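Engineer: The chain contents come next:
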Amino acid sequence: MTFMSKPKVAHPDLPRNALGLTRRDYEGANSTLCAGCGHDSITAAVIEACWANAVEPHTVVKLSGIGCSSKTTAYFLSGAHGFNSVHGRMPSIATGANAANRRLTYIGVSGDGDTLSIGLGQFCHAIRRNLNMLYIIENNGVYGLTKGQFSASADVGSKAKRGEVNRQPPIDPVQLAITLGASFVARSFSGDKAQLVPLLRAAMRHDGFSLIDVISPCVTFNDHEGSTRSYAYAREHYEEAVHADFVPAAAEIAVDYAEGAAQTVTLHDGSRIVLRKVDADYDPSDPGLALDAIQQRMRRGEYLTGLLHVAHDAEDIHALGSTPDTPLNAIPYESLSPGGDALRRVLEAYR
Amino acid sequence: MPETKASLRSAPLAAMQATDTTDPRYYHRVVDCQWACPAHTDVPEYIRLIAQGRFDDAYLLNRESNVFPGILGRVCDRPCEPACRRGRVEDKPVAICRLKRVAADLKSTGIAARLPKAPAGKNGKRIACIGAGPSSLTVANDLAPLGYAVTIFERHDAPGGLMRTNIPSFRLPQSVLDEEIGVILDLGVSLQLGSPIDSLSRLLADRRFDAIFVGSGAPKGKDLPLPGREAAGIHIGIDWLESVAFGHTGSIGERVLIIGVGNTAMDCCRTSMRLGATSVKVMARKPRSFFKASDWELEDAEEERVEIVVNHAPTAFVVDAGRVVGMRFDRMAYDLDGTRIVAERVVGEVTIPCDEVILAIGQENAFPWIERDTGVEFDRWDRPVVDPLTFQSTRPDVFFGGDAAQGPKNIIWAVEHGHQAALSIHAYLNGLAPADRPREAVRLSSRKMGLHEWAYKNDYAPLERRLVPHVSLKERFKKISIEVELGFTAEQAAQEAQRCLNCDVQTVFEARQCIECDACVDVCPVDCLTIAANGAEAEVRARLRAPAIDPSQPLYVSAPLKQTGRIMVKDENLCLHCGLCAERCPTAAWDMQKSTLHWPHADNGSSPCQSPERKTA
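Line by line, the protein sequences are chains A and B.
The opening residue of the first sequence carries number 1 in this note's numbering; numbering runs sequentially from there.
The opening residue of the second sequence carries number 1001 in this note's numbering; numbering runs sequentially from there.
Keep in mind that the hints were calculated from the coordinates and are not lab data.
A few of these clues could be false.
Unchecked claim - Far from chain B, some chain A residues (derived; all Cβ distances over 12 Å): (1) K6; (2) C37; (3) T43; (4) S117; (5) P217; (6) V219.
Stated by the list, open to error - Calculated pairs, SDA-like style, for lysine to any residue (alpha carbon to alpha carbon, straight line, at most 20 Å): (7) K1457/B <-> E1064/B; (8) K1292/B <-> Q1192/B; (9) K1107/B <-> H1156/B; (10) K1092/B <-> C34/A; (11) K159/A <-> G270/A; (12) K8/A <-> P1547/B; (13) K1286/B <-> E1344/B; (14) K8/A <-> E1344/B; (15) K1092/B <-> A10/A; (16) K1457/B <-> G226/A; (17) K1562/B <-> R235/A; (18) K1286/B <-> A1313/B; (19) K1562/B <-> A232/A; (20) K1409/B <-> E1440/B; (21) K1092/B <-> R235/A; (22) K1286/B <-> T1339/B; (23) K1448/B <-> K8/A; (24) K8/A <-> R1054/B; (25) K1562/B <-> K8/A; (26) K8/A <-> L1463/B; (27) K1092/B <-> G226/A; (28) K1448/B <-> V9/A; (29) K1479/B <-> F1246/B; (30) K1281/B <-> A1232/B; (31) K1562/B <-> E236/A; (32) K1457/B <-> V9/A; (33) K8/A <-> A1313/B; (34) K8/A <-> A1461/B; (35) K1125/B <-> E1064/B; (36) K1107/B <-> Q1192/B.
Owing to the predicted nature of the structure, the values given are computational and were not obtained by experimental measurement.
Every residue gets a Cβ at the ideal spot worked out from N, C-alpha and C, and that includes glycine.
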């Protein structure tokens, strides 16, 4: 954190997006996290992605639970809507908001504790319902707010700051999500914005639940030798399997990809994800093969990163629930609440 | 292609070398104002002292470099202000010059005890300075405290050179001149007024002096030999200003034409307005973007309803009964290519009636009093051959400085010439080679006080440049000696001082400490930091977080970072020196360190013939 807030003055030549806004217009309050926290880098990546996607800040909903990670929604898009829920209950709030207004962009930020311990059940059901949201896990393997105990994502053999070794197996949110049928599953690293920003951009545009598990070193309690979530360990042990470039609907695909090396996924709004396989044998469209590869790497102590699984035929919450196209707040009151007669007719149907 | 681990690890062949910050010029250059100041005045530090209300300290710090803070705080050409980083971050630079004046205006009477003193004994060496202008006075200021017996010869009856003769008293009161020159004379300097030197040979033959410094300025105003020039009512600008300064001229006709649009023209037009002129036109040959006068001097003149007429080239004086009654001009049109004139045409002719004409089209140095057989060589343009670093002429015991050395510049240049010439004279008279210059040095010291505490005010103050209050247009013309600018009050100065970006508090980076967490990159308000793969400079500049389009502003390039081999790149151009990078850095790879420039002078312990203990003041 810093004691003074970031001066409002900006570089006069900062690029502007289609709305005429600069990155600075997507910032939030001053971060109160530790200096060097991976979460702050993820915040910066979210700011960059929202700016690049030219989303109107007031059409975004920021959702979070409890924890260091869940504080971060305050640090980006101060012009967006926000809801800071009870510990682990962010998916319920997201479900309600989603049902009420399908036109908004939902960004949930959670941590490994909030998602994989107290909120594990909520997390699984959000995937099952295929909530139309971007769900970011800022995964550092420790409970930072309570002084660095191992979390449910800590790797076996990882050392805590005071030397004790974790012996319980971790829950891997990526494998869990693929198993549960999530349609956009990625892993990234807070220290690699070149990978993270396009993933965030694509995930925001993906119809349905998008999970990005971001390795985000806890600079205070988990950045030492022997930790498997330090900056140094992550840099040494992450291998990108599939790099995803995001190409907005109107734009040309500007980069030349070698033939056969790239695969394009077109999203519902016409924007495209260009997948560039770094590992030629990896197939992100097949959940079984993806799981296999992830597990193999995990056994070697490596993180496989990139867009690990993507499917674009899954029905999202609105299709599953036959929700109306119009947000509830835009439906006339008479239709939304048709009165006693209508209620009686509905009840009659159950007699 | 996007950056991947593989592409990051292999740096291309044309990669940039890490910046050598041990070269004192690197951090010196970051302090734009100090770098631009010919005398390298420590601007950010004196502004900080003003903000703290320490006016005496601010004055003395100023005086070390520029000798005349009260004078220069009013009439300096301020090369520091166009260079000021604040002017790039926002619109307007910090009002550096006028803050300097505040230190001079508000200093206490107790400061006298802290000014340099005449030494107890003399060292037996005698120096003659010719002309009592800023360069000679600076030589005396630097050398008298070391025990040299300095004699200044001045042809006028008052010292100051062009500061007295050419700068009107409504811009520079005589009391300010007298005070600051007095401090130097009180060092035991002998001032011989009304004593023009009309032969260098004779002065040398007398053998009264061990070294001679020529600071006689550029006293010859350029003439305009057009038909009708012999008529009455046509004056040469600097001579006319001089006769006004000494009270020989007290009035002028109603309609005055000023030919030329430099700073002397501005002084001539504003002086005319005070001596009875009602219509003053400054006639410029070229469009406004080619004017030599400083913007603020133009503004002040126009505020006083002086009319500035562009694109008029003079062709003849119109004379009636031996007096000038008007001037004929060609009306010009120019084709511009960017800022350059590619073609000019005459598109008409016009005669403008007037009562008097003042020619302010430049000035030259002239040495009719230096015989050509003294050993002082002159070049083919009849200018003395002077070493640009040592200011020594081809005769080892004769030195030049100020306008006499390099033609008309301005006071602050003359002061720096004086410092450098003093250093050379000091070396020469101690049997050392003046060409062996002592080197400048930069000292760095951390401003870190605690976790988030810095020993400087690092927050950005979103304030606009304050305007200096002026005497009303009605009042100011009543007397020529009424100073137009009132100067900032202590409160106004404290506000303006907050606009300084503390460029001397440097962002110092230690590559070995960096864990590449991006914290500094993310928090930088002006996006001047990037962690990037190395490459050729032009190519790296193009992929920084914000465009680094000004190639005159250096890039700081770190050694390869240990985790990925990438480099930390900082575009110095717009850095606010707010220290957020250092506050956010978890490993203290960034630190905010105050840089203090040591610029060698004869009297500040840098001369090779002097041990640092003999520091004066």
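Engineer: Now, for every hint given, state plainly whether the structure supports it.
Structural biologist: Here is how each hint holds up against the structure:
1. K6: It is violated; K6/A is separated from chain B by about 5 Å at its closest Cβ, not greater than 12 Å.
2. C37: 8 Å, violated
3. T43: 7 Å, violated
4. S117: 26 Å, holds
5. P217: 7 Å, violated
6. V219: 5 Å, violated
7. K1457/B <-> E1064/B: With a Cα-Cα distance of about 24 Å, the restraint between K1457/B and E1064/B is violated, given a limit of 20 Å.
8. K1292/B <-> Q1192/B: It is violated: about 35 Å lies between the C-alpha atoms, which goes past 20 Å.
9. K1107/B <-> H1156/B: Violated. K1107/B to H1156/B sits at ~30 Å, over the 20 Å cutoff.
10. K1092/B <-> C34/A: 36 Å, violated
11. K159/A <-> G270/A: 46 Å, violated
12. K8/A <-> P1547/B: Within the cut-off at roughly 19 Å; holds.
13. K1286/B <-> E1344/B: 10 Å, holds
14. K8/A <-> E1344/B: 47 Å, violated
15. K1092/B <-> A10/A: Distance ~15 Å between K1092/B and A10/A Cα, so the pair holds.
16. K1457/B <-> G226/A: 40 Å, violated
17. K1562/B <-> R235/A: 11 Å, holds
18. K1286/B <-> A1313/B: 8 Å, holds
19. K1562/B <-> A232/A: 9 Å, holds
20. K1409/B <-> E1440/B: Distance of about 24 Å is beyond 20 Å: violated.
21. K1092/B <-> R235/A: 44 Å, violated
22. K1286/B <-> T1339/B: Answer holds: K1286/B to T1339/B is near 12 Å, not above 20 Å.
23. K1448/B <-> K8/A: 24 Å, violated
24. K8/A <-> R1054/B: Distance ~30 Å between K8/A and R1054/B Cα, so the pair is violated.
25. K1562/B <-> K8/A: 33 Å, violated
26. K8/A <-> L1463/B: It holds: about 12 Å lies between the C-alpha atoms, which stays within 20 Å.
27. K1092/B <-> G226/A: 53 Å, violated
28. K1448/B <-> V9/A: 24 Å, violated
29. K1479/B <-> F1246/B: 15 Å, holds
30. K1281/B <-> A1232/B: 19 Å, holds
31. K1562/B <-> E236/A: This hinted pair holds, its Cα atoms lying about 11 Å apart.
32. K1457/B <-> V9/A: Within the cut-off at roughly 17 Å; holds.
33. K8/A <-> A1313/B: Given pair K8/A, A1313/B is violated - Cα atoms ~49 Å apart, limit 20 Å.
34. K8/A <-> A1461/B: 10 Å, holds
35. K1125/B <-> E1064/B: 23 Å, violated
36. K1107/B <-> Q1192/B: Violated, at about 30 Å.
In the structure shown, a violation is registered for the earlier hints numbered 1, 2, 3, 5, 6, 7, 8, 9, 10, 11, 14, 16, 20, 21, 23, 24, 25, 27, 28, 33, 35 and 36, in ascending order.
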